[in-house]
Amino acid sequence: MSNTNTQIKLAARPTGMPGPECWKTEESQIPSPGEGEVLLQILQISLDPAMRGWMNEARSYVPPVRINQVMRALTLSRVMESNSPDLKPGDLVTGTQGVQQYAVAKPEDLTKVDATLADPSRFLSVLGMTGMTAYFGLFDVGQPKSDDIVVVSGAAGAVGQIVGQLAKIHGCKTIGIAGGEEKCKFLTDEIGYDHAIDYKSQNVAKEIKRHAKKGLDVYFDNVGGEILEAALFNLNRGARIVICGAISQYNTTDVQGPRNYLSLLVNRARMEGMVVFDYANRFGEAVPKMAGWLKEGKLKSKEDIVRGQVTDFSETFLKLFSGENQGKLILEIESV
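So for the sequence shown, our numbering puts the first residue at 431; every next one is plus one.
Be careful, since some hints might not be right.
[As the list claims (entries may be wrong)] Straight-line distance between alpha carbons at most 30 angstroms, and here's what the computed DSBU-like set of lysine-lysine pairs gives:
| hint | residue 1 | residue 2 |
| --- | --- | --- |
| 1 | Lys454 | Lys598 |
| 2 | Lys454 | Lys439 |
| 3 | Lys518 | Lys719 |
| 4 | Lys643 | Lys630 |
| 5 | Lys598 | Lys728 |
| 6 | Lys518 | Lys536 |
| 7 | Lys575 | Lys730 |
| 8 | Lys454 | Lys575 |
| 9 | Lys630 | Lys598 |
Source of the hints: derived by calculation from the structure; they are not laboratory data.
Take the sequences, apply the hints, and build the full model.
Here is the structure:
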């Protein structure tokens, strides 16, 4: 264990795509745990589109990351020292320790990883916030019925691939939207989507119409912009639209809203935002189900794990917005 803690802090708020000027690297002493606290060595850092929103000063569902604050991020960590009876050295935990090598935390702010359920990295993906977003977004907000048509944008991404599989488990017909032939093939051949639409080469609105002649019943949106509009053109009566994210809009100052929102009125449809933190007290009901489906082979989880150093954060983070990643993007800075 080194004597210093490398931290990545927010240096400036971005306008558009976050560049090197947004970050600064600092070295500090490894903190010592106080009474009832534990010292954590961070092993893996979850890279999520939501982090781009946390960099903005605008009002949101969580306070923005402050200038000169360690960049907020979900993490998988190992307990190195413990002054708490609830955790012992060697335990693996998840939490929000940010982009750094070491952190001190209280056990009540951490979730202990049960490695008997699945590989530890799955607790940053399918059994973590990503999977919980898919589960509660689909079932609580989308409320699918068996035989419903479920359309998912960003379908090859971390959340999207899980939503499609959960919908299939529920007996729905699934249509995934992704960018490029390789990702679309991944959706149908590996994830099990019934149909895949390549937004880079196909007319999304026409393709949804071709596969859902009576209209879609649930649309799970991770992208926003023109693809959201394409879905709104194809609603069945009583459709539910889950607004989970809008990655196409995160790096622009000219945010594009849906021009055809009156389709909600005509089709008596509902569009609702979803924030996974609202369901934190219910994660316990979802994790065992998801873990069971994993063991049964009904649910697959693809992680894009980049092995490197904490200083590789800024470059790796940008993979989210270039479309390079396939599945859940994780930066591993120490072996699990």
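Handout entry: Pair hint outcome, Lys630 versus Lys598 [Cα-Cα no greater than 30 angstroms]
Key = holds (25 angstroms)
Exercise for the section: Assess, step by step, whether the Cα of Lys454 is no farther than 30 angstroms from the Cα of Lys598, and give holds or violated. Expected result: violated (44 angstroms)
Exercise for the section: Assess, step by step, whether the Cα of Lys454 is no farther than 30 angstroms from the Cα of Lys575, and give holds or violated. Expected result: The hint is violated at about 48 angstroms.
Practice task
Decide if the proposed pair is consistent with the structure: Lys575 and Lys730, CA atoms, cutoff 30 angstroms inclusive.
Solution key: holds (22 angstroms)
Practice task
Starting from Lys454, check that the Cα of Lys439 is at most 30 angstroms away, please.
Solution key: Distance of about 5 angstroms is within 30 angstroms: holds.
Problem - Given pair status - Lys728, Lys598, alpha carbons within 30 angstroms - result: holds (9 angstroms)
Problem - Given hint Lys630 paired with Lys643 - CA-CA distance at most 30 angstroms - result: holds (22 angstroms)
Exercise for the section: For the pair we were handed, Lys518 and Lys536, check the Cα-Cα distance against 30 angstroms. Expected result: holds (12 angstroms)
Problem - Holds or violated: Lys518 to Lys719, with C-alpha atoms at most 30 angstroms apart - result: Answer holds: Lys518 to Lys719 is near 27 angstroms, not above 30 angstroms.
Of the numbered hints listed earlier, those contradicted by the structure are 1 and 8.
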